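Start from chain A and add chain B according to the hints.
Protein chains in written order, with my numbering: chain A, 20 to 198; chain B, 694 to 994.
Hints were generated in silico from the structure; no laboratory data involved.
Here the structure is a predicted model, which means the values were calculated and not measured.
We treat Cβ as the ideally placed atom computed from N, Cα and C, and that holds for glycine.
Errors might be hidden in some of the hints.
[What the hints assert, rightly or not] Cut-off 16 Å, straight-line C-alpha distance, at most; resulting in silico cross-link-like pairs (EDC-like, lysine to aspartate or glutamate): (1) B:801 with B:783; (2) A:96 with B:727; (3) A:72 with B:944; (4) B:965 with A:52.
[Unchecked claim] Calculated Cβ distances over 12 Å to all of chain A for the following chain B residues: (5) 726; (6) 879; (7) 907.
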Amino acid sequence: MKKNLLALAAIGALYGVPLAQAADAQAANFLYDTSTKNKTIWPKPVTNSGVVKYNEHRQDLSRWPSLSYQDHRSAKKPETVSLQGALNGNADNGKKLAMNNQKGNCWACHALPGDPQPGSGGPALLNSGTWRYSDANMYQQVWDRRVANPATVMPPFGTNGALSDQEIRDIVAYLQSLK
Amino acid sequence: MKITSLTLALTLVGALGLPVCAAASKTTDATYREYTPYINYGNNPKASDDARFSNTYQYWQDNAKIDPKRASSLTEFWTVNWKYREAPFDGNLHGGHVAQDRGEELYKQLNAKGDFANCMGAKKGGLKGLRLTYPRMDKAMGSIVGMEAKIEYCAAKQGMKLENGSYDNTAVSTYITAFSNGMPININVTKGPLKGSFERGKRLFHMKAGWTNFSCATCHVTLVGKNLRGQTPTTHYGDASHWPTWRSKDELQSLHIRLTECNRNSGVQPLKIGSPEYTDLEVFLTALSNGYPVASPSQRD
Chain A
20 MKKNLLALAA
30 IGALYGVPLA
40 QAADAQAANF
50 LYDTSTKNKT
60 IWPKPVTNSG
70 VVKYNEHRQD
80 LSRWPSLSYQ
90 DHRSAKKPET
100 VSLQGALNGN
110 ADNGKKLAMN
120 NQKGNCWACH
130 ALPGDPQPGS
140 GGPALLNSGT
150 WRYSDANMYQ
160 QVWDRRVANP
170 ATVMPPFGTN
180 GALSDQEIRD
190 IVAYLQSLK
Chain B
694 MKITSLTLAL
704 TLVGALGLPV
714 CAAASKTTDA
724 TYREYTPYIN
734 YGNNPKASDD
744 ARFSNTYQYW
754 QDNAKIDPKR
764 ASSLTEFWTV
774 NWKYREAPFD
784 GNLHGGHVAQ
794 DRGEELYKQL
804 NAKGDFANCM
814 GAKKGGLKGL
824 RLTYPRMDKA
834 MGSIVGMEAK
844 IEYCAAKQGM
854 KLENGSYDNT
864 AVSTYITAFS
874 NGMPININVT
884 KGPLKGSFER
894 GKRLFHMKAG
904 WTNFSCATCH
914 VTLVGKNLRG
924 QTPTTHYGDA
934 SHWPTWRSKD
944 ELQSLHIRLT
954 ECNRNSGVQP
964 LKIGSPEYTD
974 LEVFLTALSN
984 GYPVASPSQR
994 D
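Chain A extracted, bound-state conformation (with noise of 0.2 Å):
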């Protein structure tokens, strides 16, 4: 695994990951500043001026495809997963990135215990514990749903890499929790 990983770092110093480079962002008219840390920038209006100032974003949203015509990268295929070994999640922590909107913001289309103003995007999870899905079938749903449901608006968050194994563990722990 270590290895692959290497392999893949070389041919990415090599090759260059196709628009993480200056002059394709350039081209691909994104706004986008290698001078700064998280290097994706967005405006600013500056009363009664002529002149559009711009700031930090918190993440490099140019690692993911984007609606540019120059941008020819694909998206990621559904992915299907296999949970290895046993669960382990903790699932208060699990709480905390189903409740934290930069992280699973599962609240924003879910309704959860405890959150005044339920999301209605998806179906409501007060009771998930009960639906009796296996840990491995909850852990591929916030991986990549769209394995079970091609026209999902779930994102395929494991897939994309927005949690990472473990995180998805924690959500999956309190999930099978909600009761």
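Below, chain B without anything else, positioned relative to chain A:
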């Protein structure tokens, strides 16, 4: 052995992929992207088509006669498509009016000799109806442009820097737009360059992107009317007619500035103000406002 074959495969992909990216103008068939299913936009869309989509048009079709009860209902306000935040329903003063005054001041400086209005395409210097001629295929600039791109271009000719997306540029846009208040948007996307632009904008609106794998349509088609934390996405019909707008976070925004915010909110890399992509989205959204009256200055959440 496994590593070697992986290395080889990636090398091939890299070697083949890079020139394609460098040449870069058309997405190859090999590019895998997902799309939110299209709704039937037809070739000649108009705001009232929303009646067969989100079925809220009846509640906002006349922006002078918004039902106040509906507008203040936590579960139904979204069906009014935010039209209760603008004149004639809401005549309160807000930051958009301050911007309008600033825009007037700048416009008078820019147009001291009448050249700025001519450059903008105003007939006999009159600003009434000028907003309705944008976005357009612009001969002088050689591309399809929104009004704010043209303001930047024409202001530069007068020696004034008004970057597209800046407060002052959008202030001039707000001032000019207000002369068309009450006049229905009416761009023709059935022929010529705007037809292609509309089709591209439609595709972009439905194309999934970013770590979320969201498209614009994820929220504004699939999830329209659903609760997403404290917010409820509204229909994309009848929206472009109220831009530029004063946001409740106290910010004057052009439509393109808003699109960079939409992109960030959905985990997608934002693009440059005035880029062909945002301009095509502007053409698409403007066509979906056909038949709906301009409102400026407006305010939105």
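Going through the hints against the structure:
1. B:801 with B:783: Between residue 801 (chain B) and residue 783 (chain B) the Cα gap is close to 28 Å, so the pair fails against 16 Å, i.e. violated.
2. A:96 with B:727: Status holds; Cα separation ~9 Å.
3. A:72 with B:944: holds (13 Å)
4. B:965 with A:52: Holds, at roughly 12 Å.
5. 726: violated (5 Å)
6. 879: holds (27 Å)
7. 907: violated (7 Å)
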